[in-house]
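Chemist: Now for the letters of each chain:
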Amino acid sequence: DAGVIQSPRHEVTEMGQEVTLRCKPISGHDYLFWYRQTMMRGLELLIYFNNNVPIDDSGMPEDRFSAKMPNASFSTLKIQPSEPRDSAVYFCASSFTSSDRGFRETQYFGPGTRLLVL
Amino acid sequence: QKEVEQNSGPLSVPEGAIASLNCTYSDRVSQSFFWYRQYSGKSPELIMSIYSNGDKEDGRFTAQLNKASQYVSLLIRDSQPSDSATYLCAVNGAGANNLFFGTGTRLTVIP
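Protein chains in written order, with the numbering used here: chain A, 79 to 196; chain B, 238 to 348.
No lab work stands behind these hints: they were computed from the structure. Remember, predicted model here, so these are calculated numbers, not experimental data. Hints are not guaranteed to be accurate.
[Claimed, not checked] Lysine-lysine pairs mimicking BS3-like chemistry, simulated, CA-CA at most 25 Å apart:
{"id": "1", "chain 1": "A", "residue 1": "Lys156", "chain 2": "B", "residue 2": "Lys279"}
{"id": "2", "chain 1": "A", "residue 1": "Lys156", "chain 2": "A", "residue 2": "Lys102"}
{"id": "3", "chain 1": "A", "residue 1": "Lys102", "chain 2": "B", "residue 2": "Lys279"}
{"id": "4", "chain 1": "B", "residue 1": "Lys293", "chain 2": "B", "residue 2": "Lys304"}
{"id": "5", "chain 1": "A", "residue 1": "Lys156", "chain 2": "A", "residue 2": "Lys146"}
{"id": "6", "chain 1": "A", "residue 1": "Lys146", "chain 2": "A", "residue 2": "Lys102"}
[As the list claims (entries may be wrong)] Cβ pair distances, simulated, as ranges:
{"id": "7", "chain 1": "B", "residue 1": "Ile347", "chain 2": "A", "residue 2": "Glu92", "range": "27 to 37 Å"}
{"id": "8", "chain 1": "A", "residue 1": "Pro86", "chain 2": "B", "residue 2": "Glu282", "range": "16 to 26 Å"}
{"id": "9", "chain 1": "B", "residue 1": "Glu282", "chain 2": "A", "residue 2": "Ser165", "range": "15 to 25 Å"}
{"id": "10", "chain 1": "A", "residue 1": "Asp141", "chain 2": "B", "residue 2": "Thr345", "range": "35 to 45 Å"}
{"id": "11", "chain 1": "A", "residue 1": "Arg119", "chain 2": "B", "residue 2": "Gly296", "range": "38 to 48 Å"}
{"id": "12", "chain 1": "A", "residue 1": "Asn130", "chain 2": "B", "residue 2": "Glu282", "range": "48 to 58 Å"}
{"id": "13", "chain 1": "A", "residue 1": "Asp141", "chain 2": "B", "residue 2": "Pro251", "range": "42 to 52 Å"}
{"id": "14", "chain 1": "A", "residue 1": "Glu161", "chain 2": "B", "residue 2": "Asp315", "range": "40 to 50 Å"}
{"id": "15", "chain 1": "B", "residue 1": "Pro348", "chain 2": "A", "residue 2": "Asn128", "range": "40 to 50 Å"}
{"id": "16", "chain 1": "A", "residue 1": "Thr175", "chain 2": "B", "residue 2": "Tyr276", "range": "38 to 48 Å"}
{"id": "17", "chain 1": "B", "residue 1": "Asn244", "chain 2": "A", "residue 2": "Arg192", "range": "24 to 34 Å"}
{"id": "18", "chain 1": "B", "residue 1": "Gly296", "chain 2": "A", "residue 2": "Met117", "range": "29 to 39 Å"}
Backbone N, C-alpha and C fix where the C-beta goes; we use that ideal spot for every residue, glycine too.
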């Protein structure tokens with residue numbers, strides 16, 4: 079399996095521009111997570127989906143952030159308009175929850191998108 | 238919000254020594270505990286998971302869990318320079334598949 083795929087790997091944009099980050103989870107995984115990582119705040123969960131349905135978006139910092147999962151193999155995280163404080167590494171992760179193991183499955187992380195907003 | 242706290246380090250140990258990484262968590266109902274390793278510029282990767290009180294060993298790694306004290310630790314025996322990385326403690330709660338991460342402890346193994 080190719081693992082979790084994210085694009086782009088690097089993004090440099092100017093303040094006020096729209097940014098769209100993309101993620102393809104591992105085939106067969108039913109959970110998808112979006113995280114943001116900064117030196118100051120560490121790894122923060124932004125939102126997660128189960129079977130394409132958003133379950134918890136309490137980590138989304140503000141209305142400028144939105145996420146969608148139109149199907150089991152694709153998700154987007156959009157920032158509009160972007161601000162310099164959004165500069166961070168954004169990770170997508172996926173996992174599979176088996177009925178007998180409950181919530182113990184490993185989350186597999188993608189390579190991340192390094193975003194710089196000037 | 239479930240809080241997970243780790244010493245940020247940096248923690249430096251000589252090659253061959255035991256590295257001890259600690260983590261505390263605030264939510265008593267947390268049931269699953271994970272240690273992720275993250276090399277600089279890379280994504281986190283799972284190295285250990287533990288669900289029951291006591292010790293769990295996997296090669297040079299031992300995870301220890303004490304739910305009464307809300308404490309989980311990771312021991313790395315015979316530390317190698319390749320173990321130099323940031324180690325993230327992660328916790329989830331009952332009936333939840335989302336993880337809460339600590340800010341990580343940066344480990345440097347000195348040859």
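Chemist: If a hint holds in the structure, say so; if it does not, say that too.
Modeler: The hints, checked one at a time:
For the proposed pair lysine 156 of chain A and lysine 279 of chain B, the alpha carbon gap of about 22 Å is at most 25 Å, so the pair holds. Only pairs whose Cα atoms come within 25 Å are accepted, and lysine 156 of chain A paired with lysine 102 of chain A is accepted, the gap being roughly 15 Å. Only pairs whose Cα atoms come within 25 Å are accepted, and lysine 102 of chain A paired with lysine 279 of chain B is accepted, the gap being roughly 18 Å. The suggested pairing of lysine 293 of chain B with lysine 304 of chain B holds, with an alpha-carbon distance near 14 Å, which does not exceed 25 Å.
For the suggested pair lysine 156 of chain A and lysine 146 of chain A, the alpha carbons sit about 9 Å apart, so the restraint of at most 25 Å is met. Pair hint lysine 146 of chain A plus lysine 102 of chain A holds up; C-alpha atoms about 12 Å apart against a cutoff of 25 Å. Distance hint check for isoleucine 347 of chain B and glutamate 92 of chain A: the Cβ-Cβ separation is about 42 Å, which falls outside the suggested range of 27 to 37 Å. Distance hint check for proline 86 of chain A and glutamate 282 of chain B: the Cβ-Cβ separation is about 22 Å, which falls inside the suggested range of 16 to 26 Å.
The given range of 15 to 25 Å is respected by glutamate 282 of chain B and serine 165 of chain A, whose C-beta atoms sit roughly 24 Å from each other. As the Cβ distance of aspartate 141 of chain A to threonine 345 of chain B is approximately 41 Å, the hint placing it in 35 to 45 Å holds. Taking the beta carbon of each, arginine 119 of chain A and glycine 296 of chain B are about 32 Å apart, not inside 38 to 48 Å as hinted. Look at asparagine 130 of chain A against glutamate 282 of chain B: about 26 Å separates their beta carbons, and that is not inside 48 to 58 Å.
A hinted range of 42 to 52 Å holds for the C-beta pair aspartate 141 of chain A and proline 251 of chain B, which are about 50 Å apart. Checked against the hint of 40 to 50 Å, the C-beta distance between glutamate 161 of chain A and aspartate 315 of chain B comes to roughly 46 Å, which is consistent with it. Between proline 348 of chain B and asparagine 128 of chain A the C-beta distance comes to about 45 Å, which sits within the given range of 40 to 50 Å. Checked against the given bound of 38 to 48 Å, the beta carbons of threonine 175 of chain A and tyrosine 276 of chain B, roughly 27 Å apart, lie outside it.
At roughly 26 Å, the beta carbons of asparagine 244 of chain B and arginine 192 of chain A sit within the given window of 24 to 34 Å. Against the hinted window of 29 to 39 Å, the Cβ-Cβ separation of glycine 296 of chain B and methionine 117 of chain A comes to about 30 Å, which satisfies the hint.
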